[in-house]
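Enquirer: So the sequence lines, in the order shown, correspond to chains A and B. Numbering-wise (the numbering used here), the first sequence opens with residue 1 and increments by one. Numbering-wise (the numbering used here), the second sequence opens with residue 323 and increments by one.
Everything labelled a hint here was simulated from the structure, so no lab data went into it. Possibly wrong hints are sitting among the right ones.
Derived contacts from chain A toward chain B, CB cut-off under 7 Å, selection only [stated by the list, open to error]:
1. L74
2. P77
3. T114
4. V151
5. W154
6. D157
7. T158
8. L160
9. V162
10. P176
11. A179
12. E181
13. G267
14. P268
15. A269
16. R286
Just so you know, even glycine gets a beta-carbon here, dropped at the ideal spot from N, CA and C.
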Amino acid sequence: MTIASSSPPSRLPPGGAERTATRSSTDRRPGTGENRGDGRLAAVFIGPALLGFVVFLLWPTLRGIYLSFTRFNLLTPAEWVGLDNYVRMAHDPIFWSSLRVTVVYVIINIGVQTVSALAIAVLLQRLTQSALLRGIVLTPYLMSNVVAGIVWLWILDTQLGVGNEIVAALGFDRIPFLADETWAIPTIALINVWRHVGYTALLLFAGLQAIPNDMYEAAKVDGASEWRMFWRITMPLLRPVLAVVLIMTVIGSFQVFDTVAVTTRGGPADATNVLQYYIYGAAFGRFQFGYASAMSVALLVVLSAITFVQYRLTRAGQTDLG
Amino acid sequence: MGTDMRIRMRTLTALAGVLGLSLVSGCAQGGAGSSADTVTYWLWDANQQPAYEACAQDFEKQNPGLTVKITQLGWDDYWTKLTASFIAGTEPDVFTDHIQKFGQFADLKVLEPLDDLGIDDADYQPGLGANWMGQDGRRYGAPKDWDTVALFYNRELAKAAGLTAAQLNGLSWNPEDGGTFEKAIAHLTVDDKGRRGDEPGFDKNHVKVYGLATNGGGDGDGQTQWSTFTASAGWTYTDQKRWGTKYRYDSKTFQSVVEWYFGLAKKGYMVPFTDYNSQSNQANTQVAAGKAAAAFDGAWMISSYDGFKGLDIGTAVTPAGPSGKRATMMNGLADSITRNARNKAGAKKWVAYLASDACQRTVGSYGIVFPATPDGTKAAVAAYEKKGIDVGAFTEPVADEADFTTFSYPITNYAADVYALMHPAMQDIFGNGSSVSGLDRTNSQINLILDQ
Numbered sequence: 001m002t003i004a005s006s007s008p009p010s011r012l013p014p015g016g017a018e019r020t021a022t023r024s025s026t027d028r029r030p031g032t033g034e035n036r037g038d039g040r041l042a043a044v045f046i047g048p049a050l051l052g053f054v055v056f057l058l059w060p061t062l063r064g065i066y067l068s069f070t071r072f073n074l075l076t077p078a079e080w081v082g083l084d085n086y087v088r089m090a091h092d093p094i095f096w097s098s099l100r101v102t103v104v105y106v107i108i109n110i111g112v113q114t115v116s117a118l119a120i121a122v123l124l125q126r127l128t129q130s131a132l133l134r135g136i137v138l139t140p141y142l143m144s145n146v147v148a149g150i151v152w153l154w155i156l157d158t159q160l161g162v163g164n165e166i167v168a169a170l171g172f173d174r175i176p177f178l179a180d181e182t183w184a185i186p187t188i189a190l191i192n193v194w195r196h197v198g199y200t201a202l203l204l205f206a207g208l209q210a211i212p213n214d215m216y217e218a219a220k221v222d223g224a225s226e227w228r229m230f231w232r233i234t235m236p237l238l239r240p241v242l243a244v245v246l247i248m249t250v251i252g253s254f255q256v257f258d259t260v261a262v263t264t265r266g267g268p269a270d271a272t273n274v275l276q277y278y279i280y281g282a283a284f285g286r287f288q289f290g291y292a293s294a295m296s297v298a299l300l301v302v303l304s305a306i307t308f309v310q311y312r313l314t315r316a317g318q319t320d321l322g
Numbered sequence: 323m324g325t326d327m328r329i330r331m332r333t334l335t336a337l338a339g340v341l342g343l344s345l346v347s348g349c350a351q352g353g354a355g356s357s358a359d360t361v362t363y364w365l366w367d368a369n370q371q372p373a374y375e376a377c378a379q380d381f382e383k384q385n386p387g388l389t390v391k392i393t394q395l396g397w398d399d400y401w402t403k404l405t406a407s408f409i410a411g412t413e414p415d416v417f418t419d420h421i422q423k424f425g426q427f428a429d430l431k432v433l434e435p436l437d438d439l440g441i442d443d444a445d446y447q448p449g450l451g452a453n454w455m456g457q458d459g460r461r462y463g464a465p466k467d468w469d470t471v472a473l474f475y476n477r478e479l480a481k482a483a484g485l486t487a488a489q490l491n492g493l494s495w496n497p498e499d500g501g502t503f504e505k506a507i508a509h510l511t512v513d514d515k516g517r518r519g520d521e522p523g524f525d526k527n528h529v530k531v532y533g534l535a536t537n538g539g540g541d542g543d544g545q546t547q548w549s550t551f552t553a554s555a556g557w558t559y560t561d562q563k564r565w566g567t568k569y570r571y572d573s574k575t576f577q578s579v580v581e582w583y584f585g586l587a588k589k590g591y592m593v594p595f596t597d598y599n600s601q602s603n604q605a606n607t608q609v610a611a612g613k614a615a616a617a618f619d620g621a622w623m624i625s626s627y628d629g630f631k632g633l634d635i636g637t638a639v640t641p642a643g644p645s646g647k648r649a650t651m652m653n654g655l656a657d658s659i660t661r662n663a664r665n666k667a668g669a670k671k672w673v674a675y676l677a678s679d680a681c682q683r684t685v686g687s688y689g690i691v692f693p694a695t696p697d698g699t700k701a702a703v704a705a706y707e708k709k710g711i712d713v714g715a716f717t718e719p720v721a722d723e724a725d726f727t728t729f730s731y732p733i734t735n736y737a738a739d740v741y742a743l744m745h746p747a748m749q750d751i752f753g754n755g756s757s758v759s760g761l762d763r764t765n766s767q768i769n770l771i772l773d774q
């Protein structure tokens, strides 16, 4: 609509390339004809997203940071306490143990998930064209986290679970997957690998599709093995996609909450009390919204730092293609 | 192409219209839920909903023009949603309140005082009324029901072990050798080779049926776990009956009892922590699955245990302790009105009716819960009897003050913080085998919080 009403060609002065050039340079000035129309159009497109960003992301983040300097129980006005919450956090052994538990979770979760997703993606690309297979890989992702958590909870129940019936039938002692302090975190990490590996594989698969096939053909002509091609062609060219996928999944992994809430509720003792669960308990169980906000800010800082480092180390913004 | 476009436009308009309409009707519904002639009421126990709907019908007959709208939510969702509703300003007019949450709600000042309802403690079973007085001396809850804890046991397994109902009702325990209670539990335990817990060669690592089921570490109250033992050893949670400022988890009596109690699992007589799950495998599941012969559980579970297919379940009173008495927690729920209730006048009428003998007799007649008034309790006992359930093990502690002592949940400030600290601490002892003396530190942390 705005495009149609922008400067009609009749206004073009007659003749000369020189004059046309002048015109385009003057037209680039802000506030004239065409460009003002573009601006309005841009505002229409950006507006809704910007509004959503400000209302649902920027404002809550700023308010969360403000609340981290207050004592606040949601129902009475917040009271400014300066750095008290941060001092408490530094001296809170449960906070540090939560952070450690979360890091262990992320390492197991991301480590296993990335390697298996990469393997699945390469297999999908090199071995099959079947859309059905690609679909099946994605099925666990179609299930909600809570449902996946409950299903695995029942499968892995020490006394009554099918999983443990199989373990017992094989002649082993039953394994308290979710009730033992050493087993619980790896179990939860693997439950989430099961749910997310297909999605991650699909993202990597899309990245693999972007690698030109003639590279592999050329390598084959040179007599390279699949193994060598994987390390010399696939990995370097997949790097930017892999980096972005890693950044996204690491952030998601640090925010683990629902599986814990459904399966162990932070137990046994504090063995699975991951940071997000501890924050939730402080806020919605104990009404300590100020302290919960401070811990959320800490998580924000940790995640920003990790993302920044990852981004720089993996040069996620650059590609080696072309 | 043109007609196609027009049809699509028409569909869009229609869709937009429907959407708009549903938004409008949604608003209208919200409006009706909070109008002057409706009282909104929340409860969490689905079993009790029919009973309270019957009460609501009688109430509506007596108060033409007033409607009660009952909403039932599962326990966890209930508290999450209630909290959110206080923040969003969409709270119900009246809700079923729990003593554990009461202190926090009173702190947050979200409850309406009920002093003008004329509720007299003497009209209810002992202790039920007084628990709902805040520290400011005002009443915030109208007593509605009560529950106690007793021993549910599998009659068939007890018979196989040669234990009679009379024996199970006459057990005693002590923290040194566990007394006849521990002997009975050991005898009820059978390993995978058929050897009983008190027989030579018993393999505690391969137990087929445990003598006693578990409900986990018990957090700070141990309602259906250790509280019957700690109380019959003479221990109390805090320095005062209500609104105490010092917890006593550092008491040597408490710690020795807890050590003995969780020790039952180490000996193979009680289901270990690793087999327990708060969502999928609680004490009642262990009994239902035939993995445990007996379980301490609350009166609210009577119908559940009775409903286990193919199992004949009996009940017995809690064992007598070193104090010479048998002990059980006696907990009562109440109805509270929210401070920002939209229909406060209607809410007060409804709560007054809920607390009346008339409604409590109606609720009692459903045989699902013990109402707070003596007449209501009588009606419930009769209704249970009609269903063929003997509830003596639950009512005796209230009637017989010579042999029994009943006690309440700890009522203090910062209950949520106490829970947050005691929940992992008790799991650490039960699940990870940590020393009970670690509770000294937890206790001083708790008392520090209460001091602020």
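Enquirer: Indicate, hint by hint, whether the structure satisfies it.
Expert: Okay, the hints, checked on the actual structure:
no.: 1; hint: L74; verdict: holds, 5 Å
no.: 2; hint: P77; verdict: violated, 12 Å
no.: 3; hint: T114; verdict: violated, 30 Å
no.: 4; hint: V151; verdict: violated, 11 Å
no.: 5; hint: W154; verdict: holds, 6 Å
no.: 6; hint: D157; verdict: holds, 5 Å
no.: 7; hint: T158; verdict: holds, 5 Å
no.: 8; hint: L160; verdict: holds, 6 Å
no.: 9; hint: V162; verdict: violated, 12 Å
no.: 10; hint: P176; verdict: holds, 3 Å
no.: 11; hint: A179; verdict: holds, 4 Å
no.: 12; hint: E181; verdict: holds, 6 Å
no.: 13; hint: G267; verdict: holds, 5 Å
no.: 14; hint: P268; verdict: holds, 4 Å
no.: 15; hint: A269; verdict: holds, 4 Å
no.: 16; hint: R286; verdict: holds, 4 Å
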